[in-house]
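Heads up: the protein sequence lines correspond to chains C and X, in order. Each residue of the first sequence is one higher than the one before, counting from 44 in the numbering used here. Each residue of the second sequence is one higher than the one before, counting from 1259 in the numbering used here.
Hints may contain errors.
As the list claims (entries may be wrong) - SDA-like, lysine to any residue: derived pairs with alpha carbons at most 20 Å apart:
(1) C:K346 <-> X:D1506
(2) X:K1607 <-> C:R106
(3) X:K1607 <-> C:L121
(4) X:K1607 <-> X:P1797
What the hints assert, rightly or not - Computed spacing ranges between beta-carbons, pair by pair:
(5) C:Y100 <-> X:A1791: 23 to 33 Å
(6) C:T132 <-> X:S1576: 23 to 33 Å
(7) C:L64 <-> X:Q1327: 23 to 33 Å
(8) C:A261 <-> X:Q1327: 31 to 41 Å
What the hints assert, rightly or not - These stretches of chain X come out as covered by chain C in the derived footprint (C-beta under 8 Å, 3 or more residues):
(9) 1301–1315
(10) 1534–1546
(11) 1575–1588
(12) 1602–1616
(13) 1619–1626
(14) 1646–1653
(15) 1677–1687
Simulated from the structure, these hints should not be mistaken for lab results. Even glycine gets a Cβ: it sits at the ideal position worked out from N, Cα and C.
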Amino acid sequence: MIVSIQSGLLCIHHLASLIPLHPPAASSIAQDVDDLHFTLTGITLFFTALIFGCIFYFMLKYRRRSDDEQPEQVVMNLPLEITWTAIPTLICAGIFIWASALYIRNSRPPASSTEIFVIGKQWMWHLQHPEGPREINELHVPLNVPVKLTMTSQDVIHGFYIPAFRVKKDVVPGMYSSIWFLATVPGTYHLFCTQYCGAEHSQMIGWVYVMEPTDYAAWLAGGAKNESMVETGARLFDQLGCEACHAANNTGRGPSLLGVYGKPEKLRDGSTRIVDEALIRQAIVNPNSVLLPNYPSIMPTFKGQVDEEQVLDLIAYVKSLGTGENAPNERTPNQ
Amino acid sequence: MSTTAVADLPAPSSQSPVNYLNATYGIKSWLLTTDHKRIALLYLASITVMFLIGGIAAVLMRIQLIEPQGALVQPETYNKLFSMHGIVMVFFFLIPSIPAVLGNFLVPMMIGARDLAFPRINLLSWYLYIIGSIFVLYAIMSGGIDTGWTFYEPYSSAFSHTHVIAAVLGIFINGFSSILTGLNFIVTIHKMRAPGMTWFRMPLFLWAIYATSVIQILGTPVVAIALFLVGLERLFHVGIFDPAIGGDPILFQHLFWFYSHPAVYIMILPGMGVISELVTCFAKRKIFGYEFVAFSSMAIAVLSFLVWGHHMFVSGQSIYAGLIFSVLSFLVAIPSAIKVFNWTATLYKGSISYDAPMLYALGFIGLFTMGGLTGLFLASLAENVHVTGTYFIVAHFHYIMVGGAVMAYLGGIHFWWPKITGRLYPDGWARFAALVIFVGFNLTFFPQFMLGYLGMPRRYAVYPAEFQVLNVMSSAGATVLGVGYVIPLIYLIWSMRYGPAAGPNPWGATGLEWQTPSPPPTENFEEIPVVTAEPYNYPGPKVVIRG
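Looking at chain X on its own, in the form it has when it is part of the complex (with noise of 0.2 Å):
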């Protein structure tokens, strides 16, 4: 928040005539650019594709469990299926999504800078993004590969006869694109902060950001090596995970999910950062307890590091280490539990309108809730025993990744969506389709819970009769949540061209994005902004109680 009061703004104009958009033209501008705002929209497209590839694996999943002997296809092909839905969701869609989207989009603007300390680095991140995707695009288009995105040894290196080679070097290089845009954010998070823009003055979608990057930067590279080594097991049987040749199967998963847990905080902790942005901003509201949200982002990057050996209770590791993993996996859903209700305090006495960015906002906290405490039955460990491997465990990380990180993401893409395209999307369909897919989202994965305390097994191409009621069930919510993600397809994309246009600040926030033109131009501040207050400084007269 700079000098300028929102009620000081510049009263909203019509686009301004050169931005970001349309300062130059052709592909080559595109391909070629270093302007953080465009990599994001580079990003967004093809985000966007591995978004409908992991959509349609997960739709054709869905038909075949309607039926217990299996409706559509082979068993080997749905074994394909869900990993080709795994490996896109997890590496193409989810961890890039707000970081590169958003993040790449709002950083700079957010901490009144004009690009990324690396802005040529930056279109390389997008470039490895790509290059990763087409490995990975080509595994699938050449017969798929069938080890779902866990890669468990010594199935992936000895067993398997599908594609594993290209998909593991197309996560590899993927990889150093999440590491070179995390090292990018932390650094220009660092140095280029505008004058007083101190790290308390920061909103704290960039506390979420950076908390992200250090896990990115930490993480990535253990499963970028451990992949590599499945590779250089299964070219020339080099004896580190196969047993059959003195390897280790649990080393693998030690090392998988030494970041594989991390990225699930990836995944999430942007989510909670734009939540943040939204509830202050339709709540007009000042942010319940900035200090505590800020930190548990925070603390919530360290404990991540430190809890995944909660995949691993089933798998021979010994007693006193799983009961080592499940305290401090109780430790990490505190500071999740402090965020919940800090937004949700964020809202009392607050001035709530319901646009179609606080639906999502409001069904993130409400399905994080569900998917955290529901994290707390795997953290236990005798209950753990029973539903892990089972569809509990598909519904409570689809809970947490698709109701939280999925839902913060369609609310951060409908709120700064003026902001990135001048334009305004229709309200009354927008917010209809936050509706269908709240709903839809519930009924696909709720009855999931319900057959995993069953006893149905994850990755199951069939199954025992008595489960099909509930996969019906599912299979009809996930009907409708397709349904549900195509509308803001739709809409959005009509907007580009035919949306009214949005003018600077359409939703009223505070925040130096908001204090640019509607699309922003290229150097986005004609000055670089002064900062002289805190984030979220809504009119209102000011309480503060401390005990």
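With the rest of the complex left out, here is chain C (with noise of 0.2 Å):
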């Protein structure tokens, strides 16, 4: 009897190793995030166990003794509606106040963030560094160092998730998002597509690897044979002879892209646009969309042609050409 129940703690015991309560907080804003978590986690154990405990309490103290009782009939107490009206208000108020806080820290990334692009697809996720290293479903980052994730979908929404950084994102076809993260602890993550898109939804995972900045600059290294970012930008902006029109010492039929890269500009329609990574991925697939005024509406949609890897690339050339005067550092984010 004694051995069985020893052996049935055990057993408890050891099922307990067995459930992970926490992910791994891997990430600079883990552990603000985590207290979040555990402030509400205590808000609600406090609450519910008031609740339970009333009703326990009301259920044994006024169990119905004879059939004909009558109760007292208390129907209504003002004080007491505004009191339990304005607590639950005023917790609701701080925890809005810290999370949207928290939320808008979390959502600008620092100015001197390591760009990376990612392009989700059926089923599986590209990671492109600027450097030129392309992975799929890996995706290896610097420790300590600001990472900003620029993303899009070639077919469907897919979901972009690190639990172990507490970060994540709708990756949206048709437009870029981001987020940013830096990662403190390194280590091996999940990397998971939290958006359902379609058979292999639960096979579009991967590994996210952080490295000490030195091994990470090896690792670059080593894949250094392919060409950069700006490089394949370049060769496709020759080859599709975009050069012809957008010639760089401005003769030619379109407009020169020396330094528009982040300068405003007045569109046809009248709108103003600072020309960013969404509006040169418009102006490549949908260019009648963002004409300028004093050009011809002659260029052709490049749409079928390059797909958003190559977008990525000719973006990331057009960016090489400078800068314009009025670049803000930061753009809105979440755009």
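Take each chain as given, in its own frame, and dock them per the hints.
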């Protein structure tokens, strides 16, 4: 008997050790998010215990003792109503402010961030480093260096999620979304797709490797046989004949692209837009939607001729041609 | 509550000789009926079938997830299972459950009317529901659908190779059933209340049904149109949602959640109404803070339309939109909290009995509290980023939808079963089943909160091995929950033939529906009652403290 209880307890102990309670916390924001998480957990437990406690207490204390009982009919207590409206309101206000401040802070990538590009496609993650290395379902990042990911999808909506970093963002076809993180613990972490994307959604997973900066530099150099994104972009620029119109000395039929990145441009429809990744992408796949006033609308669309990776290469090339004077260091996050 | 106090009710007699069940016979008398009570039973039978279909899908999913590499089916099949589970349970079980069954049966009886305002439209609603169901069942039988119940673009229009059109058409048609039922209830509550039944003498169930009907009328057309456009996009490549042809996939999410968040309240508000009836009856107490409970229903209905963006915090919505939707989502928690506190206070100094419906009601209050509080996690922007799209979401909405809405539905069915059938079910079995369901529910879904925080994404047919223990616990709990659902099915069917006669008012409840025989005659009341008192007028010295 005692033995079976002992083995039962051992079993429970063993089971408890099998159940993980925390995901690894490996980014600069993970601890902050966890603090919020456990505060909310505390609030949840408190109120759940309060309600269940009251229910059980009342159930016992006021259980029906005879069928013709006539309980006192307490129907209204205004101070009580006001109290239990005000307390949850105050708690909600506090949590809202805390969570929102943290979210805003977590949404702004530092200006010094290293950029890496992400393309989701059914059913793999394609990751592209400006220096050249391209990876599938693996992402190598340096320790203690802010990394900004610019992401798009080639087909349906995917969700880019690294639980250990507490970051997640949908990866949407036709637009660029971005997240950033600063990895603080070397190691290997899960990368998941969190937006259902078809048959092999659950296999659209990968690994994130956080490396010491020196190891990371060596890893990048090991892939140096690849040309960098700017080099690929320049080659594409040449192959696709972009140079014919977008001549650097502004003698072509289209505008020169020297120094346009980050510059505000007044479009033919009267609106003014900063030349950013999204605008360059739009100009390549749907040129008629971003016409400039002084140029003819003769540019053909390159949609179908270039895939999302090549669009990113071309953007990298255009960015390498210099940035405009008014280039803001940070554009509106979240775009 | 009419002039007749509970104590003065005619002594419980055996079933009345002629009632709505035996007034006419034959299949035609059921399929062409315009009696709201018979239509309620038609709904009861059809949504039970749909619940079983959705339930079978859930069972297969939980078997699949016992092993990390998937114990049962290929991922393609698993994707079809969770899509079928979601579509069937949301659109064909939860949304019609309490309104179409209990609402249909009770709205006219509770206000002292002989039927709904538009009895034929009521029957039409049921046929629309059946036609919609047939389309969805066709989609399932002919190979399934794999978009999830959310139909996210551009997957649903340009990439899925399954029967999306049949499914969206089914939901579209079923939407009209929902709209017409809501319309019918609103008109009935406005125009057909018995003499003396003022708005503030109405049972809180009616306030909840009224608030629900408003959402059904205003919200359903939006989702119907959004899904119609998905069909158009799929057939004719219009370019509304698919970015490859110039559309905006985020627009679909806005349209979808503009309905589908309020739809959550279509599912839970009627449940809250049921709980107000049960708690008062089994505590023999007037409801605590009637006005607060009533107006919180209306507040929820209004606010529910302003929070849809909290489904899209990581979708690419701007920070500022995120902030607005976050604060509104916190706001909608307040009226829910008010209800919970008032129900709990209603127990205070009551005369509490533990009949089966009360066990469901108390279970509801606890589980809804947990479901609501975990909603705060999701309203918190920085936390939402981590747990959205994971099992945390799955656990949260099952606490609301199953721990809340289904518990309330079962509680309501057990409470009004003697009225509906004229028979009593075995009380011991009913209490036992309520406990089994409560335990099984928590075993199934609590581990999913932990899985979500650990980072396991939802809709995964296979998963990393470290999540296995929690998944096995969840599947084991689902077995208990499944057994818990089968027990009532058996004894309730048994009771229809063998249960002892219930008499008009077995619980000693107030409310007009308890002042007619069980089962009621076709015209509900021999004479239209005159109401002179507030609801829940249980005997006992009245104490009002107005601060």
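Index of numbered hints that the structure contradicts, given in increasing order: Hint check: 9 and 15 fail, others pass.
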